[in-house]
Structure formats: C-alpha cells, structure tokens
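Chain A is fixed; fit chains B and C onto it per the hints.
Okay, here's what each chain looks like letter by letter:
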Amino acid sequence: MKDIVIIGGGDQAHYTIDIIHKEGKLNIIGIVDAQAEIGSKKHGYPILGRQESIKEIAETHQIDGGIIAIGDNWTRYIVATEIKKHIPNFKFFNAIHPSCIIGENVKFGSGVVAMAGCIFNPKSVIGDHTFFATGAQIEHDCRIGNYASISAGSITGGYVEMEEFSAITLGVTVMDRIKIGRNSVIGSGSLVINHFPENVLAYGSPAKIIRTRTEGEKFLGKKLTSND
Amino acid sequence: MKDIVIIGGGDQAHYTIDIIHKEGKLNIIGIVDAQAEIGSKKHGYPILGRQESIKEIAETHQIDGGIIAIGDNWTRYIVATEIKKHIPNFKFFNAIHPSCIIGENVKFGSGVVAMAGCIFNPKSVIGDHTFFATGAQIEHDCRIGNYASISAGSITGGYVEMEEFSAITLGVTVMDRIKIGRNSVIGSGSLVINHFPENVLAYGSPAKIIRTRTEGEKFLGKKLTSND
Amino acid sequence: MKDIVIIGGGDQAHYTIDIIHKEGKLNIIGIVDAQAEIGSKKHGYPILGRQESIKEIAETHQIDGGIIAIGDNWTRYIVATEIKKHIPNFKFFNAIHPSCIIGENVKFGSGVVAMAGCIFNPKSVIGDHTFFATGAQIEHDCRIGNYASISAGSITGGYVEMEEFSAITLGVTVMDRIKIGRNSVIGSGSLVINHFPENVLAYGSPAKIIRTRTEGEKFLGKKLTSND
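Chains as they are written, first to last, in numbering that gives the first Met the number 0: chain A, 0 to 227; chain B, 0 to 227; chain C, 0 to 227.
Same shape as in the complex, but just chain A:
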C-alpha cells in the first residue's frame, strides 16, 4: 500500500478521504493544508504542514505521493505547480470511488478525483487533476482537459470536449459533440446546445454567454444562475 498525503483540508478532503478508504489501496499519512494549525487534526488525520514545505514533509514521512483535494480548478493548478516546483517528479494518485463505472478504453490522467456513482463511457480521455462530483456521467469519446471539473448530477453526450480549467456545475445537460473552451464555466441547471469559447460564464436553458471570465477567477460558492 502506498503512503500518501491529502493536499487541502476542507470539504473536498473529507469525501476524498471517504473514497480512499472505500478503495482501500492508499494509506493516508496526513494532510497538507495552507491554513489549519500544524499538528492539529482534520477528518481524523494530522495536519503535517504547508504545501511549500512538501519536500520536507515528503522526506520526513516517506510518502509515495499525494492527491490534491481542492474544489476550485485554478487553485488545484497553482498547488500542483507549487508542489512540482519542489518535487518535480511528485506522484499524484487518483481517487476513484469504487462505485464508479468505467468503460473500455477510458484513459485517466493523474490526480483525478471521482465521487460516488460517476460513469465514464468507452474511449473517453480524462485529464490530470480533473474532478467529478457525485453521479457525473461522461458519455463515450469525450475529452476532459486538465484541471476541468463536472459537478454532481451533470451529464455529457458523446464526443463532448472540455478544455483546461473549464467547469460544468450542478445538474447540467451537455449535448453531443459540444466544445467548451478553456476556463469557461456553465452555470447550474443549464442545457448546453451550443459550443462556448474560452473565458466565458454561460447558463440558462439553452445556455447563453452571460459575461467573460478572467483567468483564475473563482466559480464555486457563487450564484452562477440567477435572474435577479
């Protein structure tokens, strides 16, 4: 069994730990977090230190690698980049809930987190550090770029392409062969029947562009869909 650290100590850590427990393939040594008191405990595991101390933590605890458990796509990128600066060959593991269904010829990158009930259909290609929340369904021949995410209950048709950092939020339906550009976000409950370029927020049924987005802009915990 490999010894790993969880990077990030918030809500996402809690269910990532649940997945790792259920998989039973990785041994969690502790948590690396930017704010929590070092030596305290979160989700049953000790806070070992900060991400910028990853090299020292890795040596002290003899870890084999880790998983970034952070919901925001851009922040996962910043953290992964920081860690690779200190340990260029740091090994990022995947946490894929054992209830997930994986078709033939699906390719997974590294650092992928997939919660309970996700379905990945044949020939889809799943990028590094992507995140799939409860029950996300990815149809056949999709391509999900690095640091992209699909929230709970959202579904894509076949041949959907999501570029890096793009996000499909809660309860979204994306039709076949749609392309969603880099850093673009689809708001909750949307029906996506058109392609979207990079750096936009779009929502509605059918989804339309609402405004542009800047690189690194947060998208969780905000009302993305609203008529007020």
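Derived from the structure by calculation, the hints contain no laboratory data. Glycine included, each C-beta is placed from N, C-alpha and C at the ideal position. Don't take every hint at face value.
As the list claims (entries may be wrong) - Listed below are the simulated DMTMM-like cross-link pairs for lysine to aspartate or glutamate, each with C-alpha atoms no more than 25 Å apart in a straight line:
#  : chain 1 : residue 1 : chain 2 : residue 2
1  : C       : 54        : C       : 81
2  : A       : 1         : B       : 103
3  : B       : 1         : C       : 103
4  : B       : 21        : C       : 22
5  : C       : 1         : A       : 103
6  : B       : 90        : B       : 163
7  : B       : 90        : B       : 55
8  : C       : 40        : A       : 103
9  : B       : 54        : B       : 2
10 : C       : 24        : A       : 127
11 : B       : 21        : C       : 51
12 : A       : 21        : C       : 81
13 : B       : 40        : C       : 103
14 : A       : 41        : B       : 2
15 : B       : 41        : C       : 160
16 : C       : 41        : A       : 103
17 : A       : 40        : B       : 103
What the hints assert, rightly or not - Facing chain C, according to a computed beta carbon distance under 10 Å, are these residues of chain B, among others:
#  : residue
18 : 14
19 : 18
20 : 20
21 : 22
22 : 51
23 : 52
24 : 86
25 : 87
26 : 133
27 : 150
28 : 170
29 : 208
30 : 215
Frame of chain A; chains B and C shown alone:
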C-alpha cells in the same frame, strides 16, 4: 431475521417490498392497510388489518416492527403517530436498497425508505420517515428533516437543509447551502438557487414561490409545474 | 456461451460490445455492417458481411443470434425486419450492463440494450429492441414500446407509457402517468408534464409541440432543442 409488517398497501409498498427482498435482512409477515380487504393479498402478502389495530396485529403475529410505505409525507406522519399511540415503542425499520451508496459519517433516523441508486454523501443527517426515490443524490453535509422526501433523479448540493415535511419532487437541482422550509414543496424539473420559507409551493428555473400551502396538503399526483 | 453477431458497426457497437464483455455471457463472432469493408476490423472484431447476407453469415459462423447496435429507432426496426425476412426465428439477445438495477416483476422483450447505471423499477414492461443510454431511470409500472429509446440521464415517473418508436432524448424529466405517442420525440433537457400524441417533436420546460414528424425521420445528431 426480524419479522415486520408493511404499513400501506399501494405502489410504494410494492417497491419497498422489492428493497426488503434485495436487502434480505427483514422478514415480511403481511401488510397493514386502511382499505384493502382483510385476508386478501397484495404484492404477495396478506392484508392483516388496519393501522388502528396495530397492537392486536403485533401481538397476534409477534412482529418486531414495521415500515411505513406511503408516498405522502404528511400521511406518513399521521400513520406513525397513530401507531405510536397504540404502541409507544414501536420499532420502525429502514429499507435502503443495497445499490445505495452511503458515505462516511452519514446518520440515518428510523423508518427511512431509499430506492435503488440513491447516494448519501459524507456527514449528511437523514431524518425519521424520510423517503428517497430512485437515484436521489444527497451531497455532503446535508440535513434532511423528518417526514421530508426527495423524488427520483433529484440532486442537492452540499449543506442543503430541508425542514420537516418538505418535498423535492422529480428531476430537481438544488444548489449548495439552500434551505427549504417546513411543508414546502419544490415542483418537478426546478432549479433551486434561493432559500424558501415554510408552507410554500415553488417551481421553475430558477424556482419561484407560486402559492402558499396548508399543513397536510397533498402534493403527489398533482401537476406542480405547469404554465397552463 | 452463445455465439452472436453485432449488427451495426458504429459508436453504438462500441459500447454494446463493452456491455457484452462485462456481462461475460455472450461470445461475439463478428460484426454485420452496411458499409464497412468486409474482412476489415472494427472495435476488435471482423466485419463479416451485410445484413442482407445474414442467412449465409449465420450458417458460415454457426451463430446463435445477435444484437442490433444502432442508435436510430426506425433503423433498428428496418434492420430487424430485414433480418427476420431472411431468418424468421432469428434470436435477438439483450445486452444489459451488469451495473443496471432491475426491480421485481420487470419484463424485458428481446434485443434490448441498456448502458451503465440504468434503473428499471418494479412492474415495468420493456419492449423489443428498446435502447436505454447511460443512467436512464425508468420508474415503477412504466410501459416502454418496441423500438423506443431513452437517452442518458433521463428519468420517468411511475406509470409512464411510451409508444413504439418514441424517443426521450438527453436529460429529460417525464412526470408520472404521462403518455408519449408513437414516433414522437422529446428534445433534450425537457420537462414533460403533458401527454403527447403520435408523430410530434416536443421540447421545452414544460415541453410543447414544436412540429410534426414523419415516420422514419431521424432524430439523433440534430439540435432538437434550440431557440435559434
């Protein structure tokens, strides 16, 4: 194996019995129903009597408890109250389909019925006599009050709070941290991005208050969402 | 183990083959396809010939039957009819992903394909050559006519009736007791709260009739829902 009765002999009894068969942990002695002819059979089991005769039925058949299989939230409350009047320590069992996925630190009350494919994420708290239809997804840290219900294919984000008797009907998406008040009902296909107070019917995308609701008012088998 | 052919060599063949591999109950001899070069390979299996040569193919390869892996409902009918013209008692097998959940007293016809994560609730009746994409949920007591289909992530309430050749596309919610007529199609992301007659295209939330449909008209790969 515990011997139980099913209370209610309609459609909900049929799939509750299916769940109990698949779980293989409870032995059904018969059905308690308000109308069906005593001695006749429904769903393969004998009608043993009425709920007001529960004490006599319990003694005659030496049952260990039962499950209320009734879709309407308020009616489940009335029936549970009637039964507890006759047998104060009546044991209500849960019927949770073995395909359901349950995260760490989820707390279930008693009398819960969850159909195939439901997902309960970590740290959610599920009240007594709640009902979850096919494929309902409850995210992490949710709180579902007693006698509340979530219909098929509906999903909640994290930290959603449903008060007693509230109902989320078919195909609804509820965003993170939303609160739905006591006895309020969300109509089918809605996207919920705002909190709702008690005693309202709301629907739409995004859902808006349509009218108030009285205590005990039925909500199933009605067109809750309509533009006519 | 029965020896079968896959009829149709496109995308649908790929995930049908995945299902058959996961079920481990049928042995695929090859593919019958209208266009691919005979003797070439698709999805790892040889193209054996055309559907009009099914009798010769069946004799040469000693097959026990087959499965039609074609997405378009009407085309499945044409192909099944052609095959039965040459081999009247041709045996059509089902391909039901082992992750599907099947309630008590569900009746399946022949030639049914159901992808990962579908749920069929008690007492539903599923017609011949029906197709259910990823995560389709069919509630209790539904009746799905021959050559009908339900796309990914769509859900029906109880007692829903779909006539022959009708199609529910991606991400649709259909309320209890709704009837959808022969050859009618519901566009993506729709909420269906009214009955629909035969030969119509309907969509929206709630879904409304957009136009009539002719018999045999294609419905996949088109924008069914659009405001442009």
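Task: Numbered hints the structure breaks, given as an ascending list - done: 10, 11, 12, 14, 21, 22, 23, 24, 25, 29, 30
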